[in-house]
Each structure stands twice: as C-alpha cells, then as structure tokens.
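So the protein sequences, as listed, match chains A and B.
The first sequence runs 1 to 320 under this note's numbering.
The second sequence runs 1001 to 1349 under this note's numbering.
Worth flagging that the hints you see were computed from the coordinates, not collected in a lab.
This one's a predicted model, so the numbers in the text were calculated from it and none came from an experiment.
The beta carbon of each residue, even a glycine, is placed where N, CA and C say it ideally should be.
Check before you lean on any hint, since a few could be wrong.
[As the list claims (entries may be wrong)] Calculated from the model, a selection of chain A residues having no Cβ within reach of chain B, i.e. all distances over 12 angstroms:
{"id": "1", "residue": "Ser68"}
{"id": "2", "residue": "Lys121"}
{"id": "3", "residue": "Ala218"}
[Stated by the list, open to error] Between beta-carbon pairs, the in silico distance windows are:
{"id": "4", "chain 1": "B", "residue 1": "Phe1138", "chain 2": "A", "residue 2": "Trp311", "range": "44 to 52 angstroms"}
{"id": "5", "chain 1": "A", "residue 1": "Ala89", "chain 2": "B", "residue 2": "Thr1022", "range": "29 to 37 angstroms"}
{"id": "6", "chain 1": "A", "residue 1": "Gly56", "chain 2": "B", "residue 2": "Thr1022", "range": "47 to 55 angstroms"}
{"id": "7", "chain 1": "A", "residue 1": "Gly61", "chain 2": "B", "residue 2": "Leu1046", "range": "57 to 65 angstroms"}
{"id": "8", "chain 1": "B", "residue 1": "Leu1046", "chain 2": "A", "residue 2": "Gly95", "range": "54 to 62 angstroms"}
{"id": "9", "chain 1": "B", "residue 1": "Gly1310", "chain 2": "A", "residue 2": "Ser57", "range": "48 to 56 angstroms"}
{"id": "10", "chain 1": "A", "residue 1": "Glu217", "chain 2": "B", "residue 2": "Thr1022", "range": "34 to 42 angstroms"}
{"id": "11", "chain 1": "A", "residue 1": "Gln269", "chain 2": "B", "residue 2": "Ile1086", "range": "37 to 45 angstroms"}
[What the hints assert, rightly or not] Taking lysine-lysine and the DSBU-like style, the derived pairs with C-alpha atoms no more than 30 angstroms apart in a straight line are:
{"id": "12", "chain 1": "B", "residue 1": "Lys1343", "chain 2": "A", "residue 2": "Lys121"}
{"id": "13", "chain 1": "B", "residue 1": "Lys1085", "chain 2": "B", "residue 2": "Lys1060"}
{"id": "14", "chain 1": "B", "residue 1": "Lys1078", "chain 2": "B", "residue 2": "Lys1049"}
{"id": "15", "chain 1": "B", "residue 1": "Lys1049", "chain 2": "B", "residue 2": "Lys1009"}
{"id": "16", "chain 1": "B", "residue 1": "Lys1151", "chain 2": "B", "residue 2": "Lys1239"}
{"id": "17", "chain 1": "B", "residue 1": "Lys1009", "chain 2": "A", "residue 2": "Lys121"}
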Amino acid sequence: MSALAPATAKPLPRPLARELGDLGRGLAFLAPNFVGFLLFTLVPVVAIFVVAFTTGSYASGVDPVSGSFWIDARFCGLDHFRTMLGDGAFWQSLGNTFVFLLAVPFSMAASLGLALLLNQKIPGRVVYRTLLFLPTIAAGLALYMIWRQIYNQEFGLFNQILSAIGLFEAGQGPDWLGNESLAKPALLAMLVWVGMGGTNMILYLAALQDVDVTLYEAASLDGAGEWSCFRYITWPALRPTTFFVLTTNLIGGIQIFDQILIMTGGGPQGSTSTILYYLYQNIYEFDRLGYAAALSVVLFGIVLTMTLVNWRLNRSAREA
Amino acid sequence: MQEPTGRRKLFTMIVLTAVAVTTVLPFLWTLALSLKPADQVMSGGLIPKQITEQVEIDGKTHTVRLLRQLEDGRYRVKLLEGERKIVDVPGPVTVTERLDVRFDNYPKAWNAYPFLSFGRAYLNSLIVAVLVTLGQVFTCALAAYAFARLKFRGRDALFFCYLATMMVPGAVTMIPTFVLLKNMPDVLNWMFSTEFFAREFIGGGRMIGTDSYFALIAPRCFSAYGTFMLRQFFLSIPKELEEAAVLDGCGPLGVLRHVVLPLSKPAIATLSVFTFMWAWGDFFWPLVVTRSDSIKTLPLLLQTFQGQYGAQWNLLMAASVMGLLPMVGAFLLAQRHFIEGIKMGAVKG
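Extracted from the complex, chain A is given alone in its bound form (with noise of 0.2 angstroms):
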C-alpha cells in the first residue's frame, strides 16, 4: 500500500446510532412487505415441513374449561411418506404431470418457429401477432371450457373438422376425452396451442430483433449457409431467452391444474391426474389435508431440482 494515500480514503466507523437510525427505516419501509412475505410465505415454507409430518382434522377452539386454545393435528413422523410409496395414485399423477411436461419443449419450437417467420418484412405483421396471441391471452377457466366442448365426441369442433375431411362418419369419432390413451395426447395438443404464439413467441421475436445484424452479413460473406447461420448466430444469441422461458414454463408446466379439474377430473381412469390435482383431491374429497401437505413437499423438492438443475446446464454451457 502506498504511504502516499490520503487517510480520508479510509471510511471513518459509522456511529452506531447512525447505524441503528438506517437500519430502523430500512426496516420501516420493508416492513409492510415484509409481514406479508412472512406471515404468506416464510411461515408457509417452514410449516409445510411440520404440517407434512402430521395427521388430524386441523380444527380449532378453546377449551371451555381450561380457556386454552387446542388444534386437533398430532405427528405421524415419515407416515405419510411411507404411504406415498405404496400409493399407485401418486406414482401415476407423478407420471403424467412429467408427460405433461413434454408439451413445454414442443410449445418452445413453435413459438421459436413462429418468432423466426414473423420476424420478416411481411404484410399484417401485427394482425398475425395478434391472432396468435389469442390463446395465452385467453387461457383460464372459460377457455378450458369450450376446449372440453371441442373435444366432445359427437358434436365437437374437432371430430366435426376431421369428420368433414372424411376421417370417419359424423357421430363416429374418438372420445378424446373419454379414452384413456387419447387423453394425454389431446391435453398436450393443447397445451401446445396455447402456448405457442403466447409470451414465448413475443420473448423470442424480441431476442431476435436485438441479434447483431452484422454478424449474418460477415457469415454469408464467409459462405454460410441459412441452417449454419441459424446454429451459430442465431440459436447462441437466444441462449438466455431460451433458459428463462424454460425455467419458467417447466415450474409453470409442473403446476397443471385448471385444465385437468375443467376438461377431464383426472379422468378416464386417473390417467391425466396430475401432482396437483391428486393434492387437490386429498384436500377436498379425501379430506386428507397432512397427506396433500407431504405431496407438496415432494412438489417443492422437484421445483427446486429442475430449477438447480437447469442453471446449472446453463452455467455450465456458458462456460464452455
């Protein structure tokens, strides 16, 4: 260190009370946060750890006699876990949220594919935009209802559609619902088109517009090819778009639940059940509330694996 360094360059020690003053308004302007963000979310996590490992009705009230308050929950220790392993229903729900997943990478390709065609001079540019848009811009409650209507057997948009192109006679369809091996695949072509032209595509198109277009100019001077400047310009460019949609779509993806309660309730036969569903159902119809408080530990232990994991590739992939 040089001696010639002038001795105010050191901070002076703040004086405490200055120090305790700072930290008191820091705190005051948290402080409405904050209460929320502890009573709604700190608490939660930590109690879903203890309400997992108990058993009871949750009911409340004061004893007459005593004036004490009492809740009627006791521990079970690993009870509940144990069940789990055992339990059919939660391994098939556990499956099929996975399978659900799968709608996440091919939503992903459209929307890039979708991104790439719009991001050309072409007449009506934000007319089309605006028309693919209109799923995501929808989804909820009322259009899983009229999906649930598309898919019906005889008088539905889709069987109508394929009936017209002479696939089978009118009235003659599957029941894409209603059939166990056509549920899945029909939930997931759905899922698919309503994320497809949604917030991934807007995401995309907006990476697109920030790629150097010098960079394509230097490429096709050097002889590159279209596929060769996608892979090397473009596909790179969009690496970080790419990783905050799928993170965000996978933990989104892995909480299917509005869909699953609208269209099929699980059904046929509990092949489109879903990790959260199966929690639902073990709150409301199994009246089970310990037991669904464990399946959302499992749900928060998966959530903070796949979002480990991907940072992780993403780091890695950085770096390399």
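Please arrange chain B on chain A, whose structure you already have, making use of the hints.
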C-alpha cells in the same frame, strides 16, 4: 429485419395464416354456438340459423323433423306438433334455412345460476384484482426502494432471502396458509376475548379467516417477484436526480414519491397489468378458500356453471364468452402495452 424474397414471403404468409386460422377458429365456433337457438347447437356450421323441415300430408303443411329416408323412397319423419307421432310419408320434405341469431342466450346465462349472477362474480373479481394490484404495488415499491437505495445492515442478506423464495411454488405455501387462515378468527377471538372476528362480513363471507374477501386478497398483496422487478428498475434511475431532491429537503419517502415513482411508470404499469391478470384469472386459491356463493369470483362461477349447465351448450358458450371478454377486450384495446410489458417483465427477471 430482413425483406424476404417473393417465394419466401408467400411461404411465410401461408404458414402464418394456417396457424392463425387454428388459433381463431375455436373462438369463432364458441361465438357461433353462443348465438344459436338451443335446438340447433348440435348442427355444424358457424352461422346461427334455424333449419325448418316441412312436409305436406293430406294437403296440410306440417313442421317435422326428418329422421331418415326409408328404402322404399319414403321419408320417416317426426311431427313436431300435436301428438308428435312418427310417420312415414311419401314426401317431398322441404327444408328451409333462415338466419336466427339468439342474443338472449346472454341474459339467460347471466342469470342462470340463482345464487350468483355474472354481475356479482364480475364485481367480486374486480374488487379482488384491484385490491391485490394496489396492495402489491404499494408493498413492493416500498420494499424495492429499500433494497435499491437505502443502506442498512443485513440488507443484501435479506434480499437474497426474498430471491430464494421466488422459486417456491404457490401450491406449497397454500396448505399452511389455509390452516393459518382457518384458525385465524378463533385465535384472534381468543387473544382479544371477543366474538368479533367470527362475525359475518357485510355482503357475504366472514370477516376474516377462510371464506372471506380477506382470504382472497390479503395473502396475495406481497410478492417477491414484484419487489425484485421494481428494484432492478429503480437501480437504473440516475442517482443524481434523487440527490438533487435530497438537497431540496426531501426525505426518503419524498424521494420515492416525487422522483422515483414518476420515473418508474413503465415498470409500475407492467407489474400492475400482470398482477391484475393473475389475480383476475387465478382459480386454485379461491377454489380452496371460498365457500359462500356471494364472494365467489368469475372463474369459480364458470366452474359451477359448467357443472350445472354442461349439457346446454348455447348457454355454456355464452358464459364462456362472458368469461373471456374482459381480458381479450383489454388486450385488443391496449395490445402494445401488453407486449412491452411482457418484454420488460422478462428482461428484468
């Protein structure tokens, strides 16, 4: 953006048009069904029309439904008047089609479910979504400012805690939050030795605890993601502007109100739009936490509606259209803002 060559342009437009047809067709079909007469919903086609089949028997014209043509060339028909008999007639059966648009499916669907009209469900959804949005903007802006600009011990550790909870799925916190709310009225009554917290709320549901507006709104007024997004935006505001305000005698709250917030309108707008959409469309939490019809939100009404009127397609589809209309309408009117918001929300996140 490249200017494509002629053939490439044609190819692009054909593919995009084909995809756009698939995204639009289901909506047109829904709209058509919602306007059809009840007895015509099973007939195909996108034009709501009334098909009348008539046949002359003994010099009198009867309205019938054509069942099928028999092998001997006669027609088997069902009379739609009088005794509604099935008879075989030599024909000919004349088929007339006329346009028949039934707008009254909408008022019928609006009032179809006796305990909760669409008006009430819209209002409930609106109350919940607006208050959740205001709550989030308020709490997130304050916290984001603290994380971005105020210096205090432990700030960054606390911020890291916030970040970590962003990956906790909503379904995980749901059950403990539910148990917490379920016991809240009893606990509060016990703590304050009163009966107040178990009372009914004016307008339906309870004061507090499950099955209350409180349960629909309060747990969602706080967001780690919103805090994170606003913090990133606040950091991009030049510090000099804030320092000038401090020299003019502004406290931190004043700086936030008069300098930072006005400059952060795009970020606030993005947070508001997405919070509103999420709160408006959210289904699982309201489903778990509500019992009383009077506080149910739009998605819950739609679910009930499907359970009761699943077989009446024209009403079901009218209900779907009413469910879709607010969001689709808002999108079509303010599309540019939605698109910009998506980009900003992701770039910062």
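> Does the claim that A/Ala218 lies outside the interface with chain B hold up, using a Cβ gap greater than 12 angstroms?
Replying inline: holds, 15 angstroms
> That 37 to 45 angstroms hint for A/Gln269 and B/Ile1086 (C-beta), does it hold up?
Replying inline: 39 angstroms Cβ-Cβ, so the 37 to 45 angstroms window holds.
>> Quick check: does the Cβ-Cβ distance between A/Gly61 and B/Leu1046 fall within 57 to 65 angstroms?
In response: The hinted range 57 to 65 angstroms holds for A/Gly61 and B/Leu1046, with Cβ atoms some 58 angstroms apart.
> Quick one, are B/Lys1009 and A/Lys121 close enough, alpha carbons at most 30 angstroms?
Replying inline: Satisfied, since the Cα-Cα distance of roughly 8 angstroms is no more than 30 angstroms.
> Between B/Lys1078 and B/Lys1049, does the CA-CA distance stay at or below 30 angstroms?
Replying inline: holds, 20 angstroms
> Given the proposed pairing of B/Lys1151 with B/Lys1239, does the C-alpha separation stay at or below 30 angstroms?
Replying inline: Satisfied, since the Cα-Cα distance of roughly 14 angstroms is no more than 30 angstroms.
>> Tell me if the beta carbons of A/Ala89 and B/Thr1022 are separated by a distance inside 29 to 37 angstroms.
In response: holds, 35 angstroms
> Should the label of A/Lys121 as a non-interface residue stand, given a Cβ cut-off of 12 angstroms to chain B?
Replying inline: violated, 5 angstroms
>> Check the hint pairing B/Lys1343 with A/Lys121 against an upper bound of 30 angstroms on the C-alpha distance.
In response: holds, 21 angstroms
> Given the proposed pairing of B/Lys1049 with B/Lys1009, does the C-alpha separation stay at or below 30 angstroms?
Replying inline: violated, 39 angstroms
> So does A/Glu217 sit 34 to 42 angstroms from B/Thr1022, Cβ to Cβ?
Replying inline: holds, 36 angstroms
> Honestly, do A/Gly56 and B/Thr1022 meet the 47 to 55 angstroms range at C-beta?
Replying inline: holds, 50 angstroms
The structure fails hints 1, 2, 4, 8, 9 and 15 (numbered hints given earlier, in ascending order).
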